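> Each chain is listed here by its residues.
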Amino acid sequence: MELTEKHHEYWRKNVRMTALLVVIWAVITYVAGYYARELSFSFFGWPFAFWVGAQGALALYVVMIGFYAWYMNKLDQEYGVAEGDE
Amino acid sequence: MATKAQTQREFFAFLKKAYSFYVGGFIAFIIVLAVAEQMGLPRRWIGYIFLFATIALYAGIGIMSRTAEITEYYVAGRRVPAIFNGMATGADWMSAASFIGMAGTLYLTGYFGLAFVMGWTGGYCLVAFFLAPYLRKFGQFTIPDFLGARYGGNIPRLVGVFGAILCSFTYVVAQIYGVGLITTRLVGVPFELGIFLGLGGILVCSVLGGMRAVTWTQVAQYIILIIAYLIPLVWLSVKHTNFPIAHLVYGHVLEKVSAREVELANDPKENEVRKIFADRAAAGAAKLKDVQKSLEADTAAANKRLADAKAANAPAAEMKAAEAAVAKLPKDVDAAKKAYTAESKLGPRAAPISRHAEAFPGKDEKARDINRRNFLALIFCLMVGTAALPHILMRYYTTPSVREARASVTWSLFFIFLLYFSAPALAVLVKYDVYTLLVGTHFDKLPAWVAAWQSVDASLLSIADINGDGILQRAELSIGGDIVVLATPEIAGLPYVISGLVAAGGLAAALSTADGLLLTIANALSHDLYYKMIDPTASTARRVTISKILLLVVALAAATVASQKPADILFLVSAAFSFAAATFFPALVLGIFWRRANKWGATLGMIAGLGVTFYYMTQTQGWLRGVFGVTKPIELWWDIQPISAGLFGIPLGFAVIVIVSLLTPAPDKDTQELVDHVRYPHLVGDIDTRGT
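Residue numbers (this note's numbering), protein chains in the order written: chain A, 1 to 86; chain B, 87 to 778.
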């Protein structure tokens, strides 16, 4: 089983997208968490950092995972590595 | 539940129909019980009906799904549609601690509790990006399977088996303990009997049908637990905001809670109560220095007071108080020591009110910094631990394809999200209720649920008029976290049937997690240890039989440990996350993303990660220090609490794998092919690694 250049490109794209999403994940979790005391302006009643921890970050996690699934399924098709009907 | 002849599409349609009927039936069941309650059905009966009806339901699904076929038993035939696997993972994931404990932790610790909310959801990002699709493509039965195939040989597999059992067993003990607690509260049976009743429900289900039965039961359990969590929240939200969806509007309730906290912090009566506690704690500590002398002094003082009162012909109230003081004197030195120790521990009750919304409170910049550091470290350990717990990762072997595995992680987190973003709302609403409706009320006029819960368990709720002014102060109220979820139906003014529903939800959460964990342990022993390492020629029928026997043995062992009521059970659960994170995460992720990672790197990396995590805990955690006889003073590394020990184990695990792998020969060609195989959902001329 030899991998073609196309296969390598698929993998590079996957790794790049994974890295991007992990960076967003880290920023919303750790950078926003680190500056929680500073991010205390009122956001519909919540201090902003509290809202991020209780709702914002969680919703973003769901959206990111959903987006990744959609992106990768599309990538599978484009690069001819999608599964057939098993 | 389905025959082989069905196509996946028909199977999905069948499942949708079956579970729609189930939801309808369950709601009808609640309505019938509610009507019966209005007609005079006693509370105790409602408890019994909930307990036996739900356990019978789970057992029934188990009997319907019984199987002896190997892929059905280990991975539910790999035909679980994404959305149903999402629900099953949600129930598998959310334990008694999530269902009952989470809102309470948030109530007690405010912002800090959000570490659990974020940690236990954000971990799914790591599952989705780094593990689930690749493990699905690999497609065998257990997590040690992957370690064995990727790193070659039995040594990495054996380390994996050990790690999987270590983290799953501590976790399952806590679940069975939770089952015992809930059944005791729900129907008042003794704790040990409760454990074995629950165990019966778990075993009928998992022994008969393995992963297949557990999957379909978990879906049913998820539906019960989410209904049970949301109904009281909706009612409480209407009570305080006139709007059913608390999530959208509780920010304003939080503002009111914060304002009330300022009021209470400046209230002279509150400060009076706090001062009494501080004085009592100081006096208790002083008396402990010489118990004998203090007891004599106390006895003399109490007798003198009574004598004086008699001599002065004091009013009846004073006489009664003086008599009570004499009656309350400790009987001997041991009793006195116990009493003074209890008094000396009242210090925390004198603490000023904590601010719910404040991030990282502390007396100075340094304390705030330590608080923040531990908050972030805890999130990190919980997230990485989530992405490394074998009983969760195993669930992604059960989907029909890589594509469905990806979708399934999304559904999993969505279903978990429903509960986790409700918990902070529930905590704030209950706090608002307590701070505004309860605190400041006359002791004669407290709502009925207060007395009811105080009599059930004083560690859950206890009140006493410390300063004798007849009014309840915030500092006079001592609350255990679990009360937040358990008492919400009564706080919201719902009928008892909803309280029964909440208990049934907690039971579902504990049972479903226990199911998944027991399977993980039994499979690690039967599949990895017995079949792969001891007798590779065993027939499939024999493997399934051995797996079932081991499941029984492990379940009984866990129940026996749980019935001893081990001390620091909550700590053990959190420790499981650090263990899993440090053992599995580096080896699994590098196995997929770095071709050069090899057998020795992975083996030593797992041992080093687990080793340093375990070492740090034994040096710093009170209970473990006792077990291992550590006596030197606690030295925290960078002020990190033992619960987050994985913070040191995870990076060390990565570092050791990289360094050792580079120092030893690269993996062979077959391993390289395996890496390609898991990275691409489909390749022409692909190898086949599916388990049989």
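In short, the hints are calculated from the structure, not lab data. Just so we're clear, the structure is a prediction, and the values are computed from it rather than from any experiment. Backbone N, C-alpha and C fix where the C-beta goes; we use that ideal spot for every residue, glycine too. Fair warning: there could be bad hints in the mix.
[Stated by the list, open to error] Take a look, some chain A residues computed to stay more than 10 Å from chain B by CB distance:
#1 5
#2 9
#3 37
#4 41
[Stated by the list, open to error] Interface residues of chain A toward chain B, partial, derived using beta-carbon atoms under 8 Å:
#5 8
#6 78
#7 82
[Unchecked claim] Using 20 Å as the maximum straight-line C-alpha spacing, the simulated SDA-like pairs for lysine to any residue come out as follows:
#8 B:452 - A:6
#9 A:6 - B:449
#10 B:449 - B:563
#11 B:634 - B:350
> Given the hint that residue 452 of chain B pairs with residue 6 of chain A, does the C-alpha gap stay at or below 20 Å?
53 Å, violated
> Are the Cα atoms of residue 449 of chain B and residue 563 of chain B separated by 20 Å or less?
Answer violated: residue 449 of chain B to residue 563 of chain B is near 24 Å, above 20 Å.
> So residue 37 of chain A supposedly isn't at the interface. Is its beta-carbon more than 10 Å from every beta-carbon in chain B?
5 Å, violated
> Regarding the pair residue 634 of chain B and residue 350 of chain B, is the alpha-carbon distance no greater than 20 Å?
58 Å, violated
> Given the hint that residue 6 of chain A pairs with residue 449 of chain B, test it: the Cα-Cα distance must not exceed 20 Å.
Judged against 20 Å, a Cα distance of about 59 Å means the pair is violated.
> Confirm or reject the statement that residue 9 of chain A sits farther than 10 Å, beta carbon to beta carbon, from all of chain B.
At roughly 12 Å from the nearest Cβ of chain B, residue 9 of chain A sits farther out than 10 Å, so the non-interface label holds.
> A closest beta-carbon separation below 8 Å is what the hint needs, so does residue 8 of chain A meet it against chain B?
10 Å, violated
> Hint check: is the beta carbon of residue 78 of chain A less than 8 Å from a beta carbon of chain B?
12 Å, violated
> Classify the hint on residue 82 of chain A as holds or violated, based on whether any CB of chain B lies nearer than 8 Å to its CB.
Given a least distance of 6 Å, the restraint on residue 82 of chain A holds.
> Please settle this one: residue 41 of chain A was flagged as non-interface, so is its CB more than 10 Å from every CB on chain B?
12 Å, holds
> Is it correct that the beta-carbon of residue 5 of chain A has no partner in chain B closer than or equal to 10 Å?
Holds: least Cβ distance 14 Å, greater than 10 Å.
Comparing the model with each earlier hint shows violations of hints 3, 5, 6, 8, 9, 10 and 11; every other hint is respected.
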